[in-house]
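First to last, the protein sequences are chains A and B.
Taking UniProt numbering, the leading residue of the first sequence gets 1, the next gets one more, and so forth.
Taking UniProt numbering, the leading residue of the second sequence gets 1, the next gets one more, and so forth.
Some hints could be false.
Copies of the same chain look alike in the list, so a pair counts if it works inside one copy or between any two.
[What the hints assert, rightly or not] Mimicking SDA-like on lysine to any residue, the simulated pairs with C-alpha atoms at most 25 Å apart in a straight line are: (1) 523 <-> 469; (2) 523 <-> 357; (3) 24 <-> 630; (4) 24 <-> 202; (5) 523 <-> 493; (6) 24 <-> 345; (7) 24 <-> 331; (8) 24 <-> 360; (9) 24 <-> 47; (10) 24 <-> 657; (11) 24 <-> 389; (12) 523 <-> 622; (13) 523 <-> 21.
Keep in mind that the hints were calculated from the coordinates and are not lab data.
Here is how the chains run, residue by residue.
2 protein chains.
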Amino acid sequence: MSDLRPLFAPRGVAVVGASRDPGKLGAVMARSLGRFPGTVVGVNARDADPAAGRFATVAEAAAASPDPIDLAVLCVPAAVSARALADAARAGVRAALVCSGGYAEAGGEGGDHQDALVAAARDAGVALLGPNTSGFLVPARGLTASFVPGVAAVPAGPVAVVAASGGVNHALTFLLAAAGVGVSLAVGLGNAAGVTAADVLAHLAADDGTRAVALHVESVTDGPALVAAVRAATARVPVVALVVGRTDVADFARSHTGALATSWRTTRAALRAAGAVLVDDERQLVDAVTALSALRLPACADPGVGVVTAQAGPGLLHVDGLRGRGVPVPPLTGGTRAALSGLLPPLTYQANPVDTGRPDPVFGRVLATVAADPAVDLVSVYALAEPDVLDLPAAVAQLAGAPAVVGLGGPPEQVGPQRQALRGLGVPALDGPTALTVAVTALVDDARAQARRAARGTAPPPRQVPVPSRDLDEDEAKTLLGRLGIATPPRRACADRAEAHRALAELPGPLAVKLLDAAVTHKSDVGGVHLGVRDAADLDAALDALEAVGAARFLVESMAPPGVDLVAGASRDPVFGPVVLVGLGGVVAEALADVAVTPAPVGAQEAAALADGLAGRALLDGFRGGPVADRAALGAVLAALGDLLVASPGIDGVEVNPLRVTADGLLALDAVLTLTTKEAAP
Amino acid sequence: MSDLRPLFAPRGVAVVGASRDPGKLGAVMARSLGRFPGTVVGVNARDADPAAGRFATVAEAAAASPDPIDLAVLCVPAAVSARALADAARAGVRAALVCSGGYAEAGGEGGDHQDALVAAARDAGVALLGPNTSGFLVPARGLTASFVPGVAAVPAGPVAVVAASGGVNHALTFLLAAAGVGVSLAVGLGNAAGVTAADVLAHLAADDGTRAVALHVESVTDGPALVAAVRAATARVPVVALVVGRTDVADFARSHTGALATSWRTTRAALRAAGAVLVDDERQLVDAVTALSALRLPACADPGVGVVTAQAGPGLLHVDGLRGRGVPVPPLTGGTRAALSGLLPPLTYQANPVDTGRPDPVFGRVLATVAADPAVDLVSVYALAEPDVLDLPAAVAQLAGAPAVVGLGGPPEQVGPQRQALRGLGVPALDGPTALTVAVTALVDDARAQARRAARGTAPPPRQVPVPSRDLDEDEAKTLLGRLGIATPPRRACADRAEAHRALAELPGPLAVKLLDAAVTHKSDVGGVHLGVRDAADLDAALDALEAVGAARFLVESMAPPGVDLVAGASRDPVFGPVVLVGLGGVVAEALADVAVTPAPVGAQEAAALADGLAGRALLDGFRGGPVADRAALGAVLAALGDLLVASPGIDGVEVNPLRVTADGLLALDAVLTLTTKEAAP
């Protein structure tokens, strides 16, 4: 990765393509850079005026500049940008920002222009941001390299914005500023032909001024690099990620940055596994980093939230929201409730949420009492600004550093100062019950992610199994599952009818009798499966039928008891590599696309939690008298399937369908293994 | 309903329980009312000081007042509030606000105090708001009757807030003010012991100053009254409803207003059917009324949205959001695209969304071109404020009144004036891509609701069927379904084995043979169902088994072809009355609680759309080679079941389970009818 300090902390900046026309990009850029305390020079070969700070070449500008020119902002047509970059590099420039479009996103010659630009940057060792982006800003350095000059009003602060899109970068920074939160760095990557999100994350991992990262993702080219960068960054600062493309917007997205939108589900799963907190829209992103830039909980697998509300109605909206997002609002202990009953009038609800009624001077003691409850890791407070009766910052100060987050309603002239006073106490303040809910959820999700990271260190290494050199039939695939520790029903692979009849005698019935052929992956579709075989007559009928569809070998197997069918598998995502998936079986679940996915390798404990992401998870917990899934065993199965792919490049995918939840445990009833390079069966 | 003008447009106001102690409720109320241009007097029997405007009784205050005292704000303990109200009424007061708690929400004596207060109000013909609310405000009248004085800063404007909770009322008005939108009336109902949401909606239906209503609902006592009020209000102004209680928060909710939270799903369905737009949280509520108070689309079953974005990234977030919410972003016609290609550089995406790239003076012509497309009913615009290159209000003015909504990012000093200028053009402005998405969705949902209302006028009256006087067995229930036009498989009710064998000969096989007894509603659970009966031996075995479980009569029926099983039914909701429901059959769908509900009566066309609300709706459209459901027939079935309950008070519920989607149409395979008053079978 290239050093990004010349880009984000340059000593001098040259605007190449500076213009006198105030509407031109070069002129707008020069205005944006007007407050930069270092050197800013213009370069325009056809309109040089050194007295006005406009030189014919970067070299001339550099020679006349008191500071080294580290960064060139190229405001020139795509066709000449590679040459301009090379010229600048020869004059000592170490970083380049290219805002204009007409590159890969435009197709045709644009792709060639981008290739030339990237090659020039690589050859010269220049960090290239863009092309096709609105730029970046570093308010603490007075550095606004953006063609939206209004963004210079965004204050310095603890949030770094790393956005795929220049427009989203600006939209986010304006929303953050409105929320009273400033930025350390805000960058739009555009076509990300040089500097990628992973590069910026690596840069931020060493930036003490950044306390939370807002990451906006449209597409991912190098999944492992992004995952590694998020993992490294989250070790120090929380990363909150918004992934675009829940619906199919690939066509428009490609026109936008020249890249296909990556699978939304897999990208989210990979970022989550790497330690990021996921959100659904840019507003939630702002709420989440507003909270996480002021407060980070320690690692905790399941933090409990104590809710204190001065107004019951907004508190109800907040608690309803928390429950809907799976955030625990645990009952308070008897001791806490006894203490609260001494503080609050008897009319109020004190169970968690704690409703104080109209707040009064005991509000701070109520907060401290709730924070002291052993089940409470975070106190969430909602209050309307009522300066006549409540000094909220003073009340919150009574928490003495216990983690807290506040939702605060009121007129701006009251909310603004209280918000800043609260942030001074390390307590983030949001503007309403829903923003508070999103903020609390983010704090809890980040604590959970840290706990998963901590637990991960103890996972055993992947189990090694012999890798097949050709496609496996069902018997061989099940033998392989057995080596992975995955249970299957008793079975016999039978080369002829006599062997099948011996199997009938030996195996507990009733039996399934199937065509056994590695070349036939969808046996049911060709009449290759016969169920409920109980006696010799049944068996002969089944064998007749199988021979009629061409079966030369048979699999005879005890039928599994009834239960809930799952689908479990592992496959190779083109961007992120091996992933594990689990879903409910059957056509209804399939129609609902009710599947959860996570990157492999994954530990058994973490994989066990994967099923909690299924909409139909109730079916795993003894729904309507059905069996209860052994979650630990399910986690072990999923982890083993993931390990198989990680350890075996020759295997492209494995699908266990169905994996049946029975009263006696999990059973793999069928399995298909796909090899990366298919070879003809011998 | 009582006249609410004395409450919301009083000529004079008395604060009963006025206090010199600035922290007391009476003192805070007096401060809040300080800007009211009409008469405000204090009443305090123990601390009268007429020279300071504090009288011993309301009568004395009224006698000394230049204006009639229409409204009494009672700041007295619960135990004496009924007497205080009666006293005030005798002095001519016509409306009362009771903010304090200690009534039904507190339990015990509180319920008695509330009963007494309500009785006093009823006897005196006084409109009672509260108790247990923070009050209301009418900024255009300078009237702030709230114990949160800061709310006096909220400007007058076109949105009415009708909130179950006083706290939510204030939280919403502050959020609206921050969004640049003022209120015509903002009221928190508290315990709603007198004035209900329905009453306020009826008041607003005649208020020309209100252009949109934000309705917050925690519980509903009188469902039909609320539905009627929403229906009447939405004929003139859009109503946007937020219903609390997606998760189980009933315990806390009851402590809050003394009422059980009503079924979230049914409440939402009833409000939607009445014409309201539904949202998921208070932030969406603000976005929706921000839009609908500036712009209402005409009735339209499926309005198309043309998206124009000056920045592709935020545009992508917006379009992804719209698609996820089912808002159509239709392709533009060839003519429109030809016109756009003459306006925009070739690099930009022009298919819808239309990405202008960096905006320039043609932006207004792009907007007008998109608005002129026959597929476009609303133009949605996102842009960052870039005053150097784009005068957004001037560009939007080129739409010449075509419906449009804008998302606008930038520093507040640029956004604020542009937002007001846009609203002056009838174009609402939101602060980001997601707020814009919510606003567009609300505009579209309201247009669809108006279209449903218009279509509803043509629905035929409910079909009358004879109402049974006792529980029906399956054969009788299916006969009744037949009268409703619902198809069932061929069947015979058989009194003995001989009749069953005749049925075997007559009916197309294979057959289902079932126990026939009105007293047994879950036949499968007692071994009362035998399937796949093909011959006399099968039949005898089935009859033997049925007799063994006590069957005296049998239902012999042709088995239906395979297909997708639904559950369809109608039942009586305790709050809203008859409702119709449809869901997917089977245990997976049951675990997912994938059910859609709507009040009855409902027209067949509207009922047909109900299935679009199912998560598993793909199963109805020929999923994996399955049958395609005849949606019109499904709508007719649901409408008929609803009509049955509406026309037949003696029927408590009817459930068709399964209702099978087959290649030959819908078939009711089983049906259970429940009577309101159960009588012993003869």
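The hints, checked one at a time:
1. 523 <-> 469: within (22 Å within a copy, 54 Å between copies)
2. 523 <-> 357: neither (66 Å within a copy, 53 Å between copies)
3. 24 <-> 630: neither (65 Å within a copy, 59 Å between copies)
4. 24 <-> 202: Classified as neither; 34 Å inside a copy, 56 Å across copies.
5. 523 <-> 493: within (15 Å within a copy, 42 Å between copies)
6. 24 <-> 345: between (66 Å within a copy, 16 Å between copies)
7. 24 <-> 331: neither (61 Å within a copy, 33 Å between copies)
8. 24 <-> 360: between (58 Å within a copy, 11 Å between copies)
9. 24 <-> 47: within (14 Å within a copy, 73 Å between copies)
10. 24 <-> 657: neither (60 Å within a copy, 68 Å between copies)
11. 24 <-> 389: between (55 Å within a copy, 9 Å between copies)
12. 523 <-> 622: between (30 Å within a copy, 22 Å between copies)
13. 523 <-> 21: neither (71 Å within a copy, 84 Å between copies)
The earlier numbered hints that this structure contradicts are 2, 3, 4, 7, 10 and 13.
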